[in-house]
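Trainee: Residue-level listing of the chains:
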Amino acid sequence: MEPYDPWVSYREAFGRYGAIRGFYFHRSTQQMTEQGPGDVPTDEQDIVLVRPRRDGVFQFRMSSVQGVLTIRSSELHIRKNESGYIELRALMQHMRSAGCLTLGGELYLFVRPDVDTLAYRLRLIARVLIQLQGMPIQTKVIEEWCKQAQIEGEHARRYA
Amino acid sequence: MAKETPRNSKWMRSYNRALVLRLIRMHQPISRVELAQRTNLTKPTVSNIVSELIAEQLVTERELGVSNGGRKPIMLELVATEQYVIGIDATSHQFIGVVADLSGNTIHESEAVGRFETNEELIEAIGRLCETLIAQTKGRGTIHGIGISVHGMVNPETGVILFAPRFHLHDVELKVQLEARFDYPVFIENDVRALASFELLFGEGVGVEQFFYLYAGEGIGGAYVLDGQLVDGQHHITGEVGHMRLDLDGPICSCGNRGCLEALAGEKALLRDYAVVDPQVSTLADLRKRLNEGDEQAVRAYERAGEYIGIGVLNTIHLLNPRRILLGGPMFELAPTIVDQIKERVEHTALTAASRETDVKMVPWGEKQGALSAAALATNSLFQTI
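From first to last, the protein sequence lines stand for chains A and B. full-length UniProt numbering numbers the first residue of the first sequence as 1 and each following residue consecutively. full-length UniProt numbering numbers the first residue of the second sequence as 1 and each following residue consecutively.
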């Protein structure tokens with residue numbers, strides 16, 4: 001069996017050209033660091049690979065889910081129930097309103113299956129998108145947006 | 001660029017009329033005889049067109065010419081008063097609007113903060129500012145059109161904003177919606193292309209059939225004018241010099257590539273680099289303040305940006321071989337030495353002796369420039385096709 005390489009998976013999903021950035025998220029310390037030359041993730045870290053784009057289109061792929069989810073930033077206010085990603089739209093809408101949503105991107109989340117929950121994915125995506133935009137948003141604000149997004153998702157489902 | 005072929009006498013008449021009007025604007029005061037010479041039209045044809053333009057109060061006549069022994073020729077000029085165009089700079093949430101005359105002078109101005117999240121809200125916000133500006137004319141004179149400049153990708157033919165990154169909006173049918181609301185033609189254009197349009201009509205592009213306008217500020221962009229017309233391109237991205245790649249392993253750009261000119265030399269990139277040296281400098285205003293104070297690091301950062309922009313200009317000369325390069329935007333205003341760097345680079349390193357003499361010029365930049373440029377879109381249409 002060939003060794004597992006997220007970068008290969010990323011390139012297979014999104015193509016090999018362009019500037020791909022890697023972010024490691026440490027589950028215990030909640031610290032996110034950008035991958036430098038020679039950095040290898042530990043078992044305690046999950047990985048998000050991302051390539052920015054500037055056409056208002058976001059594409060998400062998760063290691064545990066088949067297919068690519070595409071979201072246009074101009075349609076965030078439309079609450080489409082795409083495979084239960086109301087929460088992701090709601091989160092990005094919060095970020096857009098705060099002016100810290102980047103112009104677009106292709107994200108691939110590699111998360112260990114036993115910690116892979118919706119809340120965790122939202123947190124990872126939010127942290128990476130903020131890093132891409134380069135705005136100093138406090139972690140507690142991001143956590144609050146994630147919480148709000150989940151409440152909105154529950155609400156939308158209950159009254160759908 | 002393919003030229004339109006006259007299909008009927010009506011089209012021809014409209015074309016001649018626009019041509020005469022354009023020549024009057026460019027060479028005013030000008031006599032009917034000179035117009036006939038410049039256009040190769042017969043004197044009666046010119047006289048008929050001029051009579052129409054006078055009747056419509058677009059042109060006026062006065063006795064100014066130098067006599068060659070006979071009667072002094074009657075010279076023609078544009079009517080400067082009560083002939084208006086409206087321009088709105090909608091490149092940020094802070095809209096700036098002007099009512100301008102056909103010579104590009106501001107008659108009235110107004111600002112508004114646009115609060116919007118959807119296409120409909122953006123259209124409504126711009127529509128409200130249009131109403132305010134129209135009201136400022138108090139029903140006097142004639143409004144010939146509304147021009148709107150926006151950032152991002154625009155289809156000027158359909159007047160649709162394809163994508164406005166800062167607003168996160170796609171496919172905004174601005175022209176159709178505003179023309180349904182107001183009784184004037186509406187013109188939508190990308191902000192940098194609108195700036196080039198202003199130069200084409202009133203600035204350093206007057207009479208220059210081919211030039212390239214390079215904007216440098218937070219980002220870097222460009223617009224190409226060929227045969228006196230803005231070149232749009234098949235996919236509306238002609239002139240995107242900011243995404244010309246100069247370094248294979250350079251910093252990451254917002255477009256997803258590395259080493260784009262904008263990622264190396266745009267003010268946002270300078271801020272990113274400066275913040276590493278001094279984290280207290282976190283906004284463009286901070287950085288510009290440091291530059292004004294003569295801070296050595298800031299001065300060096302702008303100089304380095306100048307070197308990269310110089311390479312971008314050089315590449316543009318090699319690609320398009322324009323007659324003139326116009327440099328506009330806050331970076332050149334803040335650090336005019338960049339202009340000298342660019343000129344020097346072109347003079348020493350362009351491919352041929354002739355191309356080394358490419359005319360590189362800085363054009364003035366101000367807060368209202370965007371709105372005046374938007375107004376020029378409407379003026380431009382008046383002079384090109386009626």
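These are calculated hints, taken from the structure and not from any lab test. Beta carbons: idealized from backbone N, C-alpha and C, even for Gly. Any given hint could turn out to be false.
FRET-style restraints, in silico, Cβ to Cβ [said to hold, decoys possible]:
1. 323(B) / 147(A): 55 to 65 angstroms
2. 147(A) / 340(B): 52 to 62 angstroms
3. 151(A) / 206(B): 51 to 61 angstroms
Trainee: Hints first: check each against the structure and report whether it holds.
Mentor: These are the hints, each one checked on the structure:
1. 323(B) / 147(A): 55 to 65 angstroms: holds (59 angstroms)
2. 147(A) / 340(B): 52 to 62 angstroms: With a Cβ separation near 54 angstroms, residue 147(A) and residue 340(B) satisfy 52 to 62 angstroms, so the hint holds.
3. 151(A) / 206(B): 51 to 61 angstroms: holds (59 angstroms)
In the structure shown, no violation is registered for any of the earlier numbered hints.
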